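Chain order of the listed sequences is D and F. Per this note's numbering, the first sequence starts with residue 369, numbered consecutively. Per this note's numbering, the second sequence starts with residue 246, numbered consecutively.
The reader is advised that the hints may include incorrect statements.
To be verified - Cβ pair distances, simulated, as ranges: (1) D/GLU979 <-> F/GLU280: 54 to 62 Å; (2) F/ILE331 <-> D/ASP974: 43 to 51 Å; (3) F/THR374 <-> D/ALA558: 27 to 35 Å; (4) D/ASP974 <-> F/ARG367: 24 to 32 Å.
Think of the hints as simulated: they come from the structure by calculation, not from any bench. Since the structure is predicted, the reported quantities are computational estimates derived from the model, not experimental observations. Even for Gly, the Cβ is constructed at its ideal location relative to N, Cα and C.
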Amino acid sequence: MIGKSVPRKEGREKVAGRARYVDDLSFPGMLHGVTVRSPAARGRIRATRFEGEIPWHEFTVVTAKDIPGKNCIALLIEDQPCLAAEFVNHPEEAIVLLAHHDRYLLEEARRCVRIEIEPMPAIFSIDDSLAREEIIWGQDNIFKSFHVEKGDVDGAWTGAAFVVEGTYETGAQEQLYIEPQGMIAQVSEAEGVTVWGSLQCPHYVHKALMVLFGLPRERIRVVQTETGGGFGGKEEYPSMIAAHAALLARKSGRPVKIIYDRAEDMVATTKRHPSRTRHRTAVDRDGKLLAMDIDFTVDGGAYETLSPVVLSRGTIHAAGPYACPNVRIRSRAVATNAPPHGAFRGFGAPQSVFALERHLDRVAEAVGIASDELRRRNFIHEGQTLAVGQVVKEKVDMNGLMGRAFELSGYHAKRKQFAAENSNARGAIKRGIGFASFLHGAGFTGSGEEYLASEVAMEAMADGTVHILAGSTEMGQGTNTIFAQIAAEALRLDCEQMKIIQPDTAYVPNSGPTVASRTAMIVGKLVETAGLGLLKLLTDGGFLRPGYTAADFSRACGEYVAKHGPLKSFVKYEHPRDLHWDDQKYSGDAYGAYAWALYVAEVSVDIRTAEVRVNDFVAVQEVGKVINPVLAAGQIEGGVAQGIGFALYENVVWQEGRMVNAQMTNYVMPTSVDLPAIRVYFEEIPYGRGPAGAKGIGELPLDGTAPAIANAIAHATGVDVRRIPITAESLLEMLEAVHA
Amino acid sequence: MPKRARKIRVSCEVNGDAASFEAYPMTRLLDVLREELKLTGTKEGCGEGECGACSIEMDGALVNSCLVPALQAQGVKIRTIEGLAIHGSLHAVQQAFITHGGAQCGICTPGMILAAVNLLARHSQPDDTQIREGLSGNLCRCTGYMKIFESVVAAVRRAETRA
Chain D
369 MIGKSVPRKE GREKVAGRAR YVDDLSFPGM LHGVTVRSPA ARGRIRATRF EGEIPWHEFT
429 VVTAKDIPGK NCIALLIEDQ PCLAAEFVNH PEEAIVLLAH HDRYLLEEAR RCVRIEIEPM
489 PAIFSIDDSL AREEIIWGQD NIFKSFHVEK GDVDGAWTGA AFVVEGTYET GAQEQLYIEP
549 QGMIAQVSEA EGVTVWGSLQ CPHYVHKALM VLFGLPRERI RVVQTETGGG FGGKEEYPSM
609 IAAHAALLAR KSGRPVKIIY DRAEDMVATT KRHPSRTRHR TAVDRDGKLL AMDIDFTVDG
669 GAYETLSPVV LSRGTIHAAG PYACPNVRIR SRAVATNAPP HGAFRGFGAP QSVFALERHL
729 DRVAEAVGIA SDELRRRNFI HEGQTLAVGQ VVKEKVDMNG LMGRAFELSG YHAKRKQFAA
789 ENSNARGAIK RGIGFASFLH GAGFTGSGEE YLASEVAMEA MADGTVHILA GSTEMGQGTN
849 TIFAQIAAEA LRLDCEQMKI IQPDTAYVPN SGPTVASRTA MIVGKLVETA GLGLLKLLTD
909 GGFLRPGYTA ADFSRACGEY VAKHGPLKSF VKYEHPRDLH WDDQKYSGDA YGAYAWALYV
969 AEVSVDIRTA EVRVNDFVAV QEVGKVINPV LAAGQIEGGV AQGIGFALYE NVVWQEGRMV
1029 NAQMTNYVMP TSVDLPAIRV YFEEIPYGRG PAGAKGIGEL PLDGTAPAIA NAIAHATGVD
1089 VRRIPITAES LLEMLEAVHA
Chain F
246 MPKRARKIRV SCEVNGDAAS FEAYPMTRLL DVLREELKLT GTKEGCGEGE CGACSIEMDG
306 ALVNSCLVPA LQAQGVKIRT IEGLAIHGSL HAVQQAFITH GGAQCGICTP GMILAAVNLL
366 ARHSQPDDTQ IREGLSGNLC RCTGYMKIFE SVVAAVRRAE TRA
């Protein structure tokens, strides 16, 4: 079953239009809910007025006073209110909730609630936050900071032949799942609080609702409905919508549905953290890295949410797949009066990897060697240590990946050809080719998996059907299918015999959040172990002998259940003893395994209009054993498309902390006519601790795509790209500067 | 209370069957399909005609049902994703989307499949450019479109081998 392109488990329902997403569900007596939000970035709430010709007595109205437990959305800490009570700290912060059965009248009513705010000074940039003239969070506007230190950075500068500095920035990016966020809640004395919705992490929502309602574990139930894309955007924010729907349901005594429209989804929910990275790099005459001093800052928005962990991943990935003896990385997540930025596929790494890979092309230029030669002289090899002090134990072969990617893309020939054409021809179309080399760690960072202690259960029914129970969610990336494949492989059965139980906190164990490229590698391994556990029960009990058929297995299950009752296997994650992590020094084995990659982008730039087209894209990566080639390639292709959007099109326009282009009309993502052929190739070196040798894959493509494109644009035009997105407007300005 | 328009009765054909409903004239056809006719396979992604998740066929033309007022449905023939499979047997394009990875999260899939079917009705042998342009009104955030193109090509090939 492993290595085969088994069709998507829930594919038939999806292509037939029968898959049920949250907005497709309707309950008897159900009301609709809406959110009234802050018109100001920061201030004190003076008054709330219910105006207009609205029959207000028909409405359920909820404010912070209606919260039975703690007024917060509990995540890492409890700083973010569920509903602002006295102060607001960002535009569009939720203040009042309304419910009514008529959603058209409800929308009119929403516009008739006046929130009066006495404004307070607000800050909207990393610089303003660091200046600390206004303290808007904690003592110093800093959510979290890290300091990674390897070797002796201060002693390395004097011996350097070249010292290269640079500052790089990345913009916010909207996840733009095509299904907007939504939840339905029901609250009753008998059953407690139940929510159904579009979400990645049922147990995150569960925890938040326990704190909000002050209820014990068993009185809260969270059910994931079919989820139309997440990409991190449905990691933490669904807790907020679930909380709002549940408060309205509690007060009205009716089921309440909240579905965001696109504008609300874009203006109010999380985005990728904007970032700024400063590099100072010492190299010797031959381009060997002597020291890297990296300063990495992300804008976290108004509340902490997941910023510390986003910062962590960005920090650890900031020095890339290179063996540099002396590395310092200082990083921080700062507060601004924008809606909190949050999880988005790559989780901090796309930001710091963009900076590094763009910077290294500049370092190569300073040394006077080819950019690939600079990488080749510094690539990390088995036995060498990464910036965080992790000794690489994988059979990493970055040179091999580079060779293959260059051969497939015709890199060397094109590099020469384009350079010659660009300098000779008078044509307006300049072409370029560039690359990025990078790594991405799979699973929670450091001791994270140990604390999570994920659990998976499996039960074989009397008819031989095998139920897989986990809190890991399907949101398009293929969880259902690969879990079925992994279990089927362990049990030597067909995938059709495997049944995925819908994530529902009342029935499935907590296998951790569906994030961090951890589902295939970490949770998949638990599924494999659970399958082997079932098999052992059957063989040890004498119900099944080696060489069994599917029919034998089903018969054995029937006999076991008749004799002993339910046939279940339950597995809990055990952290490998040879993986060590020091949270204080921020050093050690950051991840159990990494995916390694080299991406090549070919572009053409019309220097009259500054329009960029990506003409070819080659993505070569080593991700361990590929479980399902079609699904895996689909992950990379989709990730590269999002990366192209991140690099070129997706520009969040801010005004006083509010996104002003919150529409698909003016926030532009790639369409079918914008993308090149995305050519995906896998190298497979089985990883001993992954299921059948698999590693993580989901986030990887977001890291290397944007810098490969930026380097290609620099090659085509000579423009020293320092910031993404490289919109036509920004590129035009840079082109004018070059030619001035 | 703000004044409201009066509801009108609209009769049309939906997936081969006669259908009749009452709605305000400017109610979105998308809402009629999903709420009155319980055809929830048609999805809302943006509500402004950008994403194509609500694509349906109206008298053979591909339209964004979020931009069509209910009154415009009078007397027309509508096809939604629910009308594509015949007696439970999937359309070649639907089958190809399963086999070739054309669907990931599935939310754009009904609209995307209708756009592909509509394209194939106009061009039975579409080239790469025609496929890309034919699907350019339908946004997909998961696949990067490559597997969708492959699915369309595979559906064409399957139709050829059958002919």
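**Request:** Hint by hint, work out which the structure violates, then give me just those numbers in ascending order.
**Result:** 1, 3
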